[in-house]
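Below, each chain spelled out in residue letters.
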Amino acid sequence: MRFWTVVLRHACRNMLLTWKSQCMTLFTVSLSVLIFSFFYLIYANALHIGAELDDDLRLVVYLDEDPSPPLQEEYRHKILKFDQVDHIEFISRELAYKRFEQQLGDNTDVLTGVPTDFLPASIEVYPVRTLDSLSRIKRFSDYLQTLPGVLKVQYGKEWIERFYAFIQLMRVIILLSGSLLIMTTTFMVAHTIRLTLFARQHELELLRLVGATNHYIRMPFLLEGALQGGIGASCGMGALLVLYNWITLQFAGPATITLFPFAFFQWTEVLAIIAIATLLCVVGSFSAIRRFLHL
Amino acid sequence: MNSETSPPSIMIDLIKVSKVYPPDVQAISDISLTVAQGEIVFLTGMSGAGKTTLLRLISRMERPTKGMVDVAGIDVIKLSPRNIHLLRRKVGMAYQDFKLLPERTVADNIAIAMEVVYRPRSFIERRTRELLEQLDLTRKYHTRAGELSRGEQQRVAIARAVANSPEIILADEPTGNLDAETTGRVMALFERLNRKGATLLIATHDRSLFQDTAHRVIELRFGRIRSPQPEVPEDNGEPAEEMAASFQETEQ
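If you're matching them up, the sequences are chains A and B in order.
Numbering follows my numbering, in which position 260 of the first sequence is assigned residue number 1686; successive positions increment by one, without gaps.
Numbering follows my numbering, in which position 133 of the second sequence is assigned residue number 137; successive positions increment by one, without gaps.
Treat the hints as calculated values from the structure; they're not laboratory data.
A couple of the hints might just be wrong.
Here chain B is said to cover these stretches of chain A; the calculated rule only asks that three of the stretch's residues, wherever they fall, bring their Cβ under 8 angstroms from a Cβ of chain B [unchecked claim]: (1) 1507 to 1520; (2) 1620 to 1633.
Output of the computed footprint for chain A on chain B, the stretches with three or more beta carbons under 8 angstroms from beta carbons of chain A [said to hold, decoys possible]: (3) 116 to 125; (4) 187 to 193.
Remember, predicted model here, so these are calculated numbers, not experimental data.
By construction, the Cβ of each residue, glycine as well, lies at the ideal position given by its N, Cα and C atoms.
So that you can see chain B by itself, here it is in the shape it has in the complex (with noise of 0.2 angstroms):
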């Protein structure tokens, strides 16, 4: 099932993971990426750099073609479908097409991640007013998401994938369709959750996210990460370079 091939401080660790769509569509080729704990990883490139499909594999979504992909303590390839919910409780993910119900309403759509895992009513009202205020959609409780803008709906799709405070968030293209102003509620928003100790790693191509950041930027192209990624220091367990080596010798 789970097995801690990890140190914990490592929340992401893959190693020359490669996802070939069939027929032939190579999407990501021998992708090696370790994210530490509390760290924000943003991941940019161009449309079909394989921005998503990183994403979905992580989030198992997705069975890699080749490699390993290890995700908070959990080998995502060897779990099993019947416990995929215990990959799924640690990661929210905020998708691209959003996924909400169209014909619930707002509270609704948020409240259905934290359903899940039994939180009490009071719980979930309560959670689900504070996000909804933090990203400026107090007055879209009771709204059906179908009514929403593209942009309200994004919110609300980040608003459920942080409703649970995950471990790590994954956020795909979180503000494609938002202004700035919207835009820094966001980011405000993941920051805090960062500071409470969320790993987030976050694709998208809007430059203005991650140009004056100290954060970690990875640029994909054509299914291959094209800077290189500074190592996890050496307390925090082995770097992913050393890790996809012995990989590679076990597979060999």
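Here chain A stands alone, though its shape is the one from the complex (with noise of 0.2 angstroms):
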């Protein structure tokens, strides 16, 4: 107990003794803290809607007749070996008409005349619902094509497209605002662990020469680093929060939010940002130490 008051009082000191560039790290680590976030909220967001949107995805194989039992069997063999296909369910053409003829409802008498059978018979193909699925299923779409008797496959190619390359900028962004994460938790806090270092250096060799342990002496710039990433990664997600908030006022109503959920992170991914951006600028600190503290 009476280590960690030493401790703390130490890191306080250090704090106080080098204030601006306390403040110049907190506000970096604050606001890569921030950006990171913004985007893995985003990305997060959008995972949950492509799952929802995934619910309704499937691939509609038309057919220009009715498989016989053998060929459907033969379909079955060649789409299921896929292991991204969930499975997979034959529609005759009596069974398309009927659909139709439920989706017209009051409206059936346009179908009048019409011959049951007008419809093609196909293969609907439900894939597992994985996003993976989604960047698949071009490729799968194209080999569907290559069975023999088909006559067109047809998905929500459009909207899938655009999504998974949404998707995909948005890796590329959390991979890029997660370097700059790494990149100013590490060398600002190193950085200004440094300037405290010389800062000290005669009460460090003073601290040496009256009996301190090595560990009395680094705790306290361990302790300040992890202080400036806990309290930077806590400021950076409390102006998340804002603006989030902001967000979802202003967007409230009939605007897009309403239609696609836009949830905060839960507590414990809260926590989690936290405890990476805290470690991480412990480790910035630590390289800090093991550079410019000879003891």
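Two chains, two frames, a set of hints: combine them into the complex.
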């Protein structure tokens, strides 16, 4: 207990000694965490939206005629050999007509005189509900097109491609902002700790002479890094919460937010981001100690 | 780590110790010295005689080029940097250049030695006030060390060295900037600590300190001991010369 009191006092003294650099570091860490978590929040929500849209996702393979049972078996075998396929359904011309009739509801009279086999038979292919399946759907669709007796393959091509491109873009942005977070936290913290080390050089030498352990000398600097990370990341997450509330207020009503759910992180996710940022800052602090503190 | 190489009654044991500073400055040559527990030893000699180097070797601020240094049962040469605090907590040193933190208060400068051994705040404050009173610095408690005169700084350095009541006190020119009265106060403090069991090694060229003393006085000249030092009584352990001889044999 006494040890941690002393360490905390030294860490606070260090931070006061180089308060200008400390403020800069806190600001940079906060901003990095804000940028990273903002894009991550969008990405997480996009994944959620993607999962919901996936529920309606299917490929419809139109056939030139109703497949015979052996041919159905062959189609089943050729389609189900793909891991990405969840299940398939054969829709006969008759069943297609019935479905269409149901969809028309009270307007079924428009079908008067239309033969019940005017709609083509089809196979409905339901892919596994993962985002990766989206990226493979185009290739899978090309494959299905090559099967015998296939007239046409249909799926929500445009939105899938755009959505997938968006997800890819988000991944790149998250990767870049994640790298920015790592660089700023480790380098900025390392730089600030280095300044503190120089500012307290005489005191550190003296501490050594009066019998301080290496642990006693190093720990305040590690704690300083942890405080910078913890406080900076908490500020960043706080700013994100404010931004999130502002966005939800701005887009409240009949706009996109109501169409697509836009939720904030769970508390566990918030704590995980703060913990990771803190850990990165401790790593930055540790690297500065290793390089510049010679005991 | 710390090996019990000498009997507990011998606090400082130097055998055939030499120190050469690069490129080839011979600071001390083949010094053998034994200081028993509770002894006060004055180390005298001209500037550059090797007094400070000897104290720095004992406190492991320097490593000898040759020889053996054993302090309070710790083999100083084998002591790893990680465990150096074990030695430094047994040895309090008042430096010739004071080594004070000028931006910090007098109280902070003294407290630093007690903080590293996790003394409670109340103890630190009480002990600091007590030492400042004994050294006539009571009013300087909150003064920044950089604002003190050299004589006052010297006393603060002494207070810090003795704050933890260490087993060994090394004082490098402790009265160099002090008037006769304050010198008397410092020496009285040293005597009090000595009566409580502390071993003192005082490097000085102030003859008035040891003129009429009953304590041992060792003169250094050109890095060697000039005056013969009396042997430590047989029952206290092996005499220094014998140990030196045995060390020499081991080396050969």
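Now for the hints, and whether the structure bears them out:
no., hint, verdict
1, 1507 to 1520, "violated (count 0)"
2, 1620 to 1633, "holds (count 5)"
3, 116 to 125, "holds (count 7)"
4, 187 to 193, "violated (count 0)"
Comparing the model with each numbered hint stated earlier shows that hints 1 and 4 do not hold.
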